[in-house]
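Listed here are the chains, written in short residue letters.
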Amino acid sequence: MTAPTTLGTHVEVRDLVVRFKNRTALEGLDLNLDAGVHGLLGPNGAGKTTLMRVLGTIARPTSGQVAVLGHDLGNQRALRDVRRRLGYLPQHFGYYPRFTVREFVEYFAWLKEMPSASIPLAVDRAIERVGLADRADDRLKRLSGGMLRRAGIAQAIVNDPDLLLLDEPTAGLDPEQRVDFRHLLRAIGVDACVLVATHLVEDVAVACTEVSLVNGGRTVFRGTPDELAAAGEHAPDGELNSGDSPIERGYTAVLRADRAR
Amino acid sequence: MTWHVARPTILAYVDGDAAEADAWSIEAHVTDCERCRTELAAAAADDPALAADLAASRTALLAGLPPQGRIRRGSPARGLRILLASGPAARGPWLLATLMVLALAIGLDLASSGAGLLGSTAPVLVLLAPLLPVLGVAASYGSGLDDAHEIIATTAAGGLRLLLIRTTAVLAVTVPATIAAGLVTGLAWSATWLVPGLALTTLTLLGGTVVGVTRAAALVGGGWALVVAVDVISETTIALLTGPATPAWLAVFGLSAAALVLRRAAFNHLPTSIRPHSEA
Amino acid sequence: MSGARAEPSDDELLRAIGRGSQEAFEEYYTRNAAWLLLRLRRRCGDAELAADVVQETFLAVWRAAGSYRGRGQAGGWLWSIATRRLIDAHRRRVARGESVAVDLDHDPAVAPSAEEEALAASLDADLASALHRLAPELRAVLQATVLDGLSVREAAVLLDIPEGTVKTRARRARLHLKEALT
Ligand SMILES: [Zn+2]
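Chains as they are written, first to last, in the working numbering: chain A, 62 to 322; chain B, 3 to 282; chain C, 2 to 183.
No lab work stands behind these hints, which were simulated from the structure alone.
There could be a bad hint or two in this list.
To be verified - Incomplete in silico selection of chain B near chain C, CB under 7 Å:
1) 4
2) 19
3) 42
4) 71
5) 85
6) 87
Stated by the list, open to error - Derived list of chain A stretches under chain C, where covered just means 3 residues or more per stretch with a C-beta under 8 Å from a C-beta of chain C:
7) 181–191
8) 250–256
Note that CB positions come from ideal geometry on N, CA and C, so glycine has one too.
Working from the sequences, and respecting the hints, build out all of it.
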């Protein structure tokens with residue numbers, strides 16, 4: 062049993078290795094996260110989803126140290142405590158088409174073992190925060206892709222999680238909804254740790270206080286969005302760098318430098 | 003006991019110049035005292051600026067009232083209901099399959115007047131009934147059948163707890179239905195099919211801690227089907243399907259239930275067979 | 002004293018709102034909007050924000066009254082809705098980078114005035130004076146966590162200080178009060 066981490070550190074990962082039968086997803090990854098909105102960037106196959114699952118307490122590390130909300134996840138009781146304070150939205154999430162938005166969010170409120178008296182109001186507030194109040198009693202099968210995604214976000218935030226894990230959360234959202242979503246993320250990040258995994262660099266960077274770039278199962282960059290953008294300016298072959306925005310150029314430059322290693 | 007805030011104190015509070023300690027006691031008291039809330043509202047109505055603010059807010063509010071939500075009270079019964087609503091016992095296909103299997107068993111038993119199917123001497127109900135809860139458990143848990151499985155796995159109640167709730171619901175449907183079928187076929191209720199049904203259920207759950215619930219259900223179901231097939235082909239009743247085997251089935255039930263409790267942590271994580279299906 | 006008990010209680014009003022009665026909703030607003038607005042103003046020192054929170058709170062009441070199952074807890078129920086909205090509003094403002102003006106020192110006199118002392122005498126005199134001698138930042142923490150029922154995390158958002166600071170200040174405030182009262 063490792064000692065609890067210091068107060069205020071939401072996520073502490075040291076030398077995390079996750080191996081599957083025939084391949085290695087994470088190869089000695091380090092990550093420390095506090096309250097705020099953190100972007101987890103990286104190309105496909107970089108290990109983002111595996112990391113989200115480890116932090117979401119559902120995938121087991123092969124080796125390394127992982128402390129979530131100050132707890133070692135090996136302990137049964139600690140695990141339950143952590144899970145009550147967790148919000149999780151995977152990239153692909155199934156739903157029950159006959160459930161209404163309200164029932165869907167309520168379902169997860171019960172699973173997260175929230176106090177029963179607080180559930181109706183918490184569900185209503187979560188639905189309101191994602192802007193679905195006017196569709197709260199519609200069945201999920203009648204919703205558009207963007208609305209479903211927002212219903213998924215509502216279930217993730219219904220318990221006011223201390224750690225919110227969102228995997229490609231902007232998929233299916235239209236530009237206006239993305240703006241609203243970024244505002245919501247920033248508001249949540251005031252007192253919670255939000256980790257957003259995405260390959261849409263430009264999309265999320267604006268909302269983040271900090272970004273981590275993962276490649277080949279390792280953290281290869283950690284800094285503010287501005288610092289990532291700056292990494293693109295000093296790239297030697299500036300003209301060859303693809304990407305329309307400074308931050309995308311920075312992203313490409315860092316990846317290229319890592320691959321050249 | 004019936005203390006209320008003095009009127010001057012209320013007036014001072016409404017005017018915004020109550021002493022800090024008074025404000026505290028007003029706020030603490032008013033939260034629980036309807037009479038003082040009303041007093042305070044009356045005092046506020048006499049303050050022109052405040053009354054105007056409240057009236058403006060009221061007008062805006064009433065102009066834009068949305069439809070009311072269909073909100074249920076947060077009672078434990080409601081929680082159970084909503085957790086069950088996603089399980090197989092509340093979903094059409096499994097219920098339908100259960101009823102069809104039972105109808106088939108009843109039909110065959112009635113047609114052969116209890117003499118057994120083909121060469122078997124055991125009633126068809128004894129052969130088929132124990133499989134019903136196993137199918138229900140298979141439909142209760144796992145990535146294949148529960149779409150929201152990955153999110154559920156991250157929740158505090160999402161492991162063995164939810165699985166047990168759903169399994170109980172499955173048994174709450176199959177056991178009475180099987181007993182009813184037994185009464186219809188004139189076999190009455192019998193431990194010969196009830197106890198093996200329970201034992202196969204816990205065996206499936208236990209197997210689920212090792213190979214995943216869906217695969218465990220396939221193994222247990224396949225094993226049972228093999229016993230039944232041998233029984234039918236060999237034209238002699240296998241001991242497993244007769245009344246005297248009941249204590250052995252009870253032992254299997256007890257042991258597998260105990261082992262399940264010991265191995266419950268296995269439901270805490272996604273089965274390792276589930277990879278990130280698209281890092282894409 | 003308006004002692005006429007023929008009027009419906011807040012519990013009854015909430016049940017009527019839950020069944021869709023707009024009339025009950027208006028009556029409920031008339032009775033409860035004032036104390037809610039005043040209390041919120043004292044918490045955020047921003048009349049406009051307080052008015053917004055009152056609006057959002059009553060909208061939530063309209064939508065969710067059907068879930069109320071208390072007996073005589075209508076006041077606490079309403080306040081708990083309002084505090085969640087207040088904290089959310091603060092989160093939005095902090096996220097936009099606006100400074101949140103929490104006026105800790107809206108109690109102007111450091112020494113209690115004569116009238117205040119007279120008023121305090123009608124309450125628990127010891128507690129009142131102890132409260133008064135408490136440093137404003139300690140009092141604010143105590144107010145948020147004890148009187149308003151906020152969690153440490155919510156108090157941290159409302160007062161714009163780290164959670165650890167909320168905890169230490171709450172501990173110190175309790176210690177001060179205990180000393181003063183014994
Ligand atoms: Zn009173």
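Cross-check of the supplied hints:
Here the hint on residue 4 of chain B is broken, as its CB sits about 11 Å from the closest CB of chain C, past 7 Å. Nearest Cβ of chain C to the Cβ of residue 19 of chain B: about 9 Å, over the 7 Å cut. The hint is violated. The closest approach between the C-beta of residue 42 of chain B and any C-beta of chain C is roughly 5 Å, which is under the 7 Å cut-off, so the hint is satisfied. Contact between residue 71 of chain B and chain C, as hinted, is supported at the beta carbon level, the nearest pair being about 4 Å apart and thus within 7 Å.
Given the 7 Å rule on beta carbons, the hint for residue 85 of chain B is violated: about 18 Å separates it from the nearest Cβ of chain C. A distance limit of 7 Å between C-beta atoms decides the matter here; for residue 87 of chain B the minimum to chain C is near 18 Å, and the interface restraint is violated. Given as covered by chain C, the segment 181–191 of chain A passes the check, having 6 residues with a CB less than 8 Å from a CB of that chain where 3 are the minimum. With a threshold of 8 Å between beta carbons, the proposed coverage of the segment 250–256 of chain A by chain C holds, since 3 of its residues qualify and at least three are required.
Of the hints listed earlier, those the structure fails to meet are numbers 1, 2, 5, 6, in rising order.
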